[in-house]
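Those protein sequences? They're chains A and B, same order as listed. Residue numbers for the first sequence follow the working numbering, beginning at 1 and rising by one. Residue numbers for the second sequence follow the working numbering, beginning at 1001 and rising by one.
Hints in this document: simulated from the structure, not taken from any laboratory. We treat Cβ as the ideally placed atom computed from N, Cα and C, and that holds for glycine. Some hints could be false.
Claimed, not checked - Here are some, though not all, of the chain B residues that point toward chain A, as calculated from beta-carbon distances under 7 Å:
no.: 1; residue: T1017
no.: 2; residue: P1032
no.: 3; residue: S1053
no.: 4; residue: G1179
no.: 5; residue: V1235
no.: 6; residue: V1252
no.: 7; residue: L1254
Said to hold, decoys possible - Now the stretches of chain B that chain A is said to cover, found in silico as 3 or more residues with beta-carbon under 8 Å:
no.: 8; stretch: 1201-1214
no.: 9; stretch: 1221-1229
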Amino acid sequence: MTIITASDPAHLSHRERSDRVSDPGEGSSSAALPVGNRKTTVGIARSNSRTEPGPVRFVIIVLALTFLTVFVVLPLVVVFAQAFSKGFIAYFAALAEPEAWSAIKLTLLVAAISVGLNLVFGVLAAWAIAKFDFSGKTFLITLIDLPFSVSPVIAGLVFVLLFGAQGYFGPWLQAHNINVLFAVPGIVLVTIFVTFPFVARALIPLMQEQGTQEEEAAISLGASGLQTFFRVTLPNIKWGLLYGVLLCNARAMGEFGAVSVVSGHIRGETNTMPLLVEILYNEYQFVSSFAIASLLAMLALITLVVKTVLERRLDEGQAPSDH
Amino acid sequence: MSVIAVRRSNLPGFGLTMGLTLTWLSVIILIPLAALFLKTFELSPEQFWGIVSSRRTLNALKISFGLSFAAALVNLVMGTIIVWALVRYRFPGRRLFDAIVDIPFALPTAVAGVALTQLFAPKGWLGGPLAELGIKVAFTPVGIFVAMIFIGIPFVVRTVQPVLIDLDVEIEEAAASLGANRWHTVLRVILPGLIPALLTGFALAFARAVGEYGSVIFIAGNLPNVSEIAPLLIVIRLSEFRYADATAIAVVMLVASFLIIFAVNRLQRWAQARIPTH
């Protein structure tokens, strides 16, 4: 989503997104014009060159809002309407089921492990890629981006081919009594796979832009590598890091296809929240299914709100270096 | 893969971080993906061809690629309209609708799947009225199409939006002052500048829809040869322990999506060469 630039939210850098916050209507676009001319130019612009006739504008806005309402807003509303369709008591009773609890706990566990590992990896990769020059850098970034372009089902499949009973490591694992597939380790592995690029992709452009001067100064003043990272680099990248972790976590908790292939759907043991949504839905337990789904939908909404806040922070942080 | 280091700075840790990065990358991504291709090479070309050209596989691939293409086309048109409204016009709720565009990115696919199904089912809020008009959406290929539109829309909007924002308005004004009417200005002056972004957004939406599983399978109906997508066929073959079949279908899909990404990269380079970046 830059080399491959946009396959997922992480592809679009906060840089590009920052512009959206500003008002592109009048000021920003004509700012390049001499101040004296501005008024007249905007005047002409308003009347014929910059905008469409009123009816056309109206139709475009109505089309856009109708489309977004039907395809995006209504599905979200349906989740909550269905979850609460039998009232609050049924909703909370559904969430209090032991099966729901075990799914929630498993989802949190899997997300904690996979986000934690990808956080460490992402920082290491970003340090190597952003702070040093070497040939093959673009290729390496492409490889890191690969999981974004692999279907979740295929991500699950490759781990079945490795660790399944007929897989390359299957017999060895069986001989040593280690369960990977249809067990928590398999779920963690595929989750790491599908969330692999998020942290690194959030950090690389940010750290490239910040350059190496501050770190070099710290080193020449006698700081160790780790001291330099924790005292100089980390404070500079903390919002970007949080941004990557946020998106990584949302995907980790919500992943369905890849986890579905390797989980084995063992009730109370290997069902994550998205898998439980599926099982309950197929059993026509709509209130229970949508109650779990509503938790995931809230996670998505919170993620979006925090993301917006972080994007503002990142833009503020970058503002001085822009000029 | 040879990565030759040319150290630019006197910062420490290149060897360590690069070594760990390559190790982790290999363990999690490269070796597993290599296993897929290794498994494919265990098949003879005849076996591979037999699987891929079987009626059910061909139909699943046709459904996945055909409907993804159609959905990406809808996203291309509607995405452009949405970007235009969000960037060029002021109306109440604009910021909110701008934020809403990201929901298909953030909402877990299984949640989107059950929600869309419920919405478009014969008794659903939209499915009901549509059924009265004789249009069945859920549990038909139309349902797949709807889910793919849902999942793809942010790709077009978020790719095109920054480009339209950055587009130089002075050129439009120049065109207008030289006597071009608005329609000509949009078609001849604005659209050419957006084309690389439009194509990129289209390709990304297309690639995502082809591989999509969670949001599609609930609403699809999953009837073999009619409404069965390729990722679902992979899952079915796996559950039947027909690993060779699953692998062959996966390789076809993977190669196709790599080709799409390759095209996207070329597009972006072409775009960067055409439009000097600041």
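Hint check results:
Contact between T1017/B and chain A, as hinted, is supported at the beta carbon level, the nearest pair being about 4 Å apart and thus within 7 Å. The restraint placing P1032/B at the interface with chain A holds, with a minimum CB-CB distance near 4 Å, inside the 7 Å limit. Below 7 Å, beta-carbon pairs count as interface contacts, and S1053/B has none with chain A, the closest being about 20 Å; its hint is therefore violated. Because the beta carbon of G1179/B sits about 10 Å from the nearest beta carbon in chain A, more than 7 Å, this interface hint is broken.
At its closest, the beta carbon of V1235/B sits 6 Å from a beta carbon of chain A; the interface hint therefore holds under the 7 Å criterion. Here the hint on V1252/B is broken, as its CB sits about 11 Å from the closest CB of chain A, past 7 Å. Interface restraint check for L1254/B: the shortest CB-CB distance to chain A comes to about 6 Å, inside 7 Å, so the restraint holds. A count of 9 residues in the stretch 1201-1214 of chain B with a Cβ less than 8 Å from any Cβ of chain A is obtained; the coverage claim is therefore met, three being the minimum.
Counting residues of the stretch 1221-1229 of chain B whose C-beta sits closer than 8 Å to any C-beta of chain A gives 0, which falls short of three, so the coverage hint is violated.
Checked against the numbered hints listed earlier, the structure breaks hints 3, 4, 6, 9; every other hint is satisfied.
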